[in-house]
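Participant: Single-letter residue listing:
2 protein chains.
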Amino acid sequence: MLYIKNKLTFDKKNVESLAKKYGTPLYCYSFNKLKSNILELKKYFRSFSPLICFAVKSNTNTKILNEIKKFNLGADVVSLGELMKALKAGINEKKIVFSGVGKTSTELNYAIKKNILLINAESKSEILEIEKIAKKKKKIVDIGIRLNPNTDAQTLSQISTGKKENKFGVGEKVFLQLVEYIKRSQNLNLKCLSVHIGSQILNHKPYQNMLKVVDRTIRKSKYKFEYIDLGGGMGIDYEHDNSKLNLKKYSQDIKKFLKIHKSKIIFEPGRSIIGNSAILLTKIVYIKEGDKKDFVILDVAMNDLMRPALYGAKHKIIPLKKSNQKSKKMYEFVGPICESTDTFSTIKKYQKLKEKDFLAICDVGAYGVSLASNYNVRPKPLEILIKNSKVQILKKRQKISELI
Amino acid sequence: MLYIKNKLTFDKKNVESLAKKYGTPLYCYSFNKLKSNILELKKYFRSFSPLICFAVKSNTNTKILNEIKKFNLGADVVSLGELMKALKAGINEKKIVFSGVGKTSTELNYAIKKNILLINAESKSEILEIEKIAKKKKKIVDIGIRLNPNTDAQTLSQISTGKKENKFGVGEKVFLQLVEYIKRSQNLNLKCLSVHIGSQILNHKPYQNMLKVVDRTIRKSKYKFEYIDLGGGMGIDYEHDNSKLNLKKYSQDIKKFLKIHKSKIIFEPGRSIIGNSAILLTKIVYIKEGDKKDFVILDVAMNDLMRPALYGAKHKIIPLKKSNQKSKKMYEFVGPICESTDTFSTIKKYQKLKEKDFLAICDVGAYGVSLASNYNVRPKPLEILIKNSKVQILKKRQKISELI
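Quick mapping for you: the protein sequence lines, in order, are chains A and B.
Here numbering that gives the first Met the number 0 is used: the first residue of the first sequence is 0, the next is one more, and so on.
Here numbering that gives the first Met the number 0 is used: the first residue of the second sequence is 0, the next is one more, and so on.
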């Protein structure tokens, strides 16, 4: 993103022209950004060339998945629907891992039929269910066990997943029991230890702690894991203040770890690949003056972008045309939905805005459309991708008639 | 809901049979409950026979809207989609009010074309927009102005809407200016003062305060409003501990108010009509033992019922088969989605459960399906209605193939 003569450009396209041509709300993705994110991850981790499985839950658009696939990435899926989408996008089944605490029998059956790389099981009950299905199908199924490392990811509590009070994985004691169980099973092949401590992590220390716990658990298990799945969680710079996870440090820590444990590393990043590759364009419907602040009422709402309402997450909101005139009052940027939760940000000293101006909400590529709903019978927005200076439709705007 | 021989019944139907026949997750509505809720509201407010406009955002199912219409109710809509749904359900346009802070030009055009009862405007800009359209169409449009009474509804902050820091309505000063403006307009006819202080209100005092502010503002305006729209917000007993809004007291306060101001009252209830008329049936996928608590992993998730994740709201969870055996450990009831937010309740001394048991999540008729999404590529659940001992399909279960 770049302002040229005070006008916002995204992948060299004038953003206001896009908003006018395609209408708002509009999700707009940059192929270049997506590509550079993937290449950056690959660069930092080059020395041990991990299998990078894109976390499909962060963005389920089939065309996006297909673009990601072309960089030889795999997929981390958490449901039958996501698994089917990943396969439809052409992702090789031997690069797909299946996570999640509540995989149903139907889902496991399908995954086993498709011979995916790994089912990462999260409980004894699930392992018994997989074994039962494998026995019936006379198959040996490759699985992992998800360890709950009881590590604080130092992120939002709602997206922290690696503490023992969270529902994910099993503690060390149960983990070791399950290793012994699977070793004796005729139909299960234990290939992987998986962990995932949370999302939007900007400090490498929690990862260090996590690696220590993984190291300890492997030693205790005396088991040789072909794969260590370290999950995802690598945070992005939502605040645009250069707060960034130190990938170099994380990579070095993993290299040290791999000197002891000779396994193949799997990553499950979502946000760090797709998060900052999209902006959400919106038009100001009304500006309502208040005593202490003015309400900037947008045509985009919590149904289109749920993260602020759900997590109190903040996304930068930037004008498509820059000016030097400042507003005297604070602006609260809100959506049109009849809930107080439908609010995006309150900002002081913002540039003076007027009705019908366009704005861009930044970094909405991850958990944007995938969490969107039709609340207030609002159709889902159009999604476009800028690639090689051309605009592709990723997903058509939903018609109201589809909802009536 | 009643346990007969320890088995849960809902409108005299055995609930487990429904869960087995139709599968889970399953939204199950009771016509009798819906009916008795409507009749109760009508009874309490009989002396001034208000126009009751059902808040469509709480439940947008067209068949439900059609049932509600048969009791001569109107609709409170907040978007073009909701307005079209209300009309499709057969609700008379002269019983429809249109609320919302960000009505677009397209939405206003449609509402004006359809000659609905009232557009309740929430800002000066919106009033100017309505006037512009009315002028173009050579029409006189009936409108209301939403007053923000700066009243604390004493409810969850996320669903409190009547304080001046909230985006809704206009303060008294602007309200009075707008009354003067509209009086002089050739194309606007001011018919209504509307207020709405929030949702899930259990204490009648905030309503009393609200009525005081409304009274004061009307006096100051010296305007005769044909309608006073008092909004909705009447709370329901989610905790099942008989906490209830004192409707009698509220009704008496309104009667007192009407002795001074001879207007027709409009209500916009959603939750109090549909909230407790539905249960959400779910099956236990796995039970995972933990140190201090066991995780009961359900096949229903935050995408099916968003209120707990979004507002920290609690819904009672009850077994379909009662037993006296208690679990030694706490149960945390969670969904299968890969977010820590996907959790419903943590309960001590719950009856002992086992995998594949069924449970019912109570009071999900309002803001249940209307807030549902396809997060994690999960299809939306089936909705059924029990009416006259027969089961009607309200909405088919979404097929995964529709999502791929």
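Mixed in with the good hints, there may be bad ones.
Unchecked claim - Here are the simulated SDA-like pairs of lysine to any residue, each with C-alpha atoms no more than 25 Å apart in a straight line:
#: 1; chain 1: B; residue 1: K19; chain 2: A; residue 2: N71
#: 2; chain 1: A; residue 1: K162; chain 2: B; residue 2: M83
#: 3; chain 1: A; residue 1: K282; chain 2: B; residue 2: M83
#: 4; chain 1: B; residue 1: K123; chain 2: A; residue 2: P318
#: 5; chain 1: A; residue 1: K182; chain 2: A; residue 2: K282
#: 6; chain 1: A; residue 1: K394; chain 2: B; residue 2: K19
Hints in this document: simulated from the structure, not taken from any laboratory.
Participant: Which numbered conditions among the earlier hints are violated in the structure presented, ordered from lowest to highest?
Facilitator: As far as the earlier hints go, 1, 2, 5 and 6 are violated by this structure, in ascending order.
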